[in-house]
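Generate coordinates for the entire structure from the input sequences, incorporating the hints supplied.
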Amino acid sequence: MAVLEIHNLTKYYKAHLALDDVSLKLRSGEIVAVIGRSGAGKTTLLRCVNRMIEPSSGRIEFEGVDIRRLGRSALREYRTHIGMIFQHFNLVPRQTVMENVLNGRLGHKSTLAGIAGIYSADEHSMARSVLEQLDLADQAEKRCDQLSGGQKQRVGIARALVQEPRLILCDEPIASLDPRSAKAIMDYLFRISRKMDISILINLHQVDVAIKYADRIVGIREGCVVFDGDPKNLKKRKVAEIYGCDVDDIHFEDSTGGDAMFN
Amino acid sequence: MWATVAALAAITAYGLFTLDSNGVNIPDAIGETLRNFRTIFLHPESRRLSAGAAAWELLLTVAQAILITLFSGLVSLGLGLLGARNLAPKPLTQAIKAVIAVVRAIPSILWVLIFAVAAGLGSTAAVLGLSMHSIGYLTKAYAESFESLDYGVVEALQAVGANWWQIVFQAVLPSSSTYLLSWTFLRFEMNFTNVVAMGAAAGAAGIGFDLFMASSLYFDLGELGLITYFVLAFAILLEIVAIRVKAVLKER
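Chains as they are written, first to last, in the working numbering: chain C, 34 to 296; chain H, 520 to 771.
I should point out that these hints are in silico values taken from the structure, not numbers from a laboratory. Bear in mind that the values here come from a model prediction, so they are computed numbers and not experimental data. Yeah, the Cβ is synthetic: ideal placement off N, Cα and C, and Gly gets one too. Keep in mind that a hint or two might mislead.
Capping the alpha-carbon separation at 27 Å, the derived lysine-lysine pairs in DSS-like fashion look like this [claimed, not checked]:
1. 58/C with 269/C
2. 47/C with 609/H
3. 769/H with 271/C
4. 609/H with 175/C
5. 47/C with 268/C
Rough simulated footprint, nothing fancy, chain H against chain C, three-plus residues with beta-carbon under 8 Å [to be verified]:
6. 146-154
7. 246-256
Structural data, given as structure tokens:
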């Protein structure tokens, strides 16, 4: 069953065409990686899904509901079903790990309870078990500005998980991490998706990472989908087309192998 | 540029020669002034004002400063949130910033006089008038503290479905509390000195009024000196407390 269906999505920034007639389907529990050059429209696509950016035209359906018609409070309710993970983590630096994770519950709470930061015992135990899954249980009381990049991204994932999402959007989640932390983050995301049946739509720079982890790869060039299919079918020629460069400049092994770090 | 300097020099020379000194003997006047300064600063003494009364008057002054800071701080917090570009729609922030700029452009003494029309000269007019200028200052400072915040944090909480109030209380205020407090404390010090000045100029109660009485009613230079030292000592005390508070806040 399709969790997310995007039909003919188009986005203009004034006269600039950022997304051109993009259509895309995401099944339950599926990991779809979006690759493309900087400025190709990856981030715009991702942010149109939870309407952090308003699409210009097209249809976006989440579990059968057309999300472009939602009013303000319905939109907030809808966003609680969708986690989002950012390149720069976007945690509140002066709050503790636990407080940041609990922020993920804000959409489920009344305004007053959210303002006062009052969380139920259930929510606390849920946050603790999520932190345990991400091997952060011993960091719960630490302030977030004292964590390493990889730990911060794990807190970001934990914040998304306590939302009990059915879809997680990841905007370049490993772009500012060292290779080891990056691999760890990808492993966590992969495991979460498989175990909890959560769909993941992820923007990536690294083609080899996309090939290793994704069930499907979508290549975007200048706002258009130029590839949508199984990672096995992504050939060097296609990658060169997506990135607009020479085939000789592509340094990865198609279909068979990948980068040493990610094997 | 030389033309400007020459013009200014000419105006200065003209001013000096045509100054109406009104029969004042300048060397004598300078000597007298210095002698007055010597009495004020080297022979502070009190004939009318007891230490207890002075402390009480000082307390009144501080109380007014606290009242002004509290009042303007609360109003500015609201206005600052609505005036921050990353938290409110653009037309609203621009309107607030424009109004606040006008409020700040009017000198505080003028605000006190404006309120004196309704409240009469005295501490009520002083507190209200000084609050206006304080609001103008703090709103700008608060709004800029909020704007310097990483917008990604606000976006992240929007993405989990949090509403505006929740975002303000869970992300914006915790992240900017250090800035807010240090601006508020700075303004408190300014409010304190302003209240002293208003005590003298607008008849608001407090140590400033005693200063005014000592100087223009009793011509008691020794008492003037004593009060000046009193205010100075308290200002230094405030400064020390401010430094301590900031140090503690930084650690947290």
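Each hint, compared with the structure:
1. 58/C with 269/C: 24 Å, holds
2. 47/C with 609/H: Holds, because 18 Å separates the two Cα atoms, which is no more than 27 Å.
3. 769/H with 271/C: Since the Cα atoms of residue 769/H and residue 271/C sit roughly 53 Å apart, the hinted pair is violated (cutoff 27 Å).
4. 609/H with 175/C: Status violated; Cα separation ~37 Å.
5. 47/C with 268/C: 35 Å, violated
6. 146-154: holds (count 4)
7. 246-256: Violated: only 0 residues of the region 246-256 of chain C have a Cβ under 8 Å from chain H.
In this structure, the earlier hints numbered 3, 4, 5 and 7 are contradicted, and the remaining ones agree with it.
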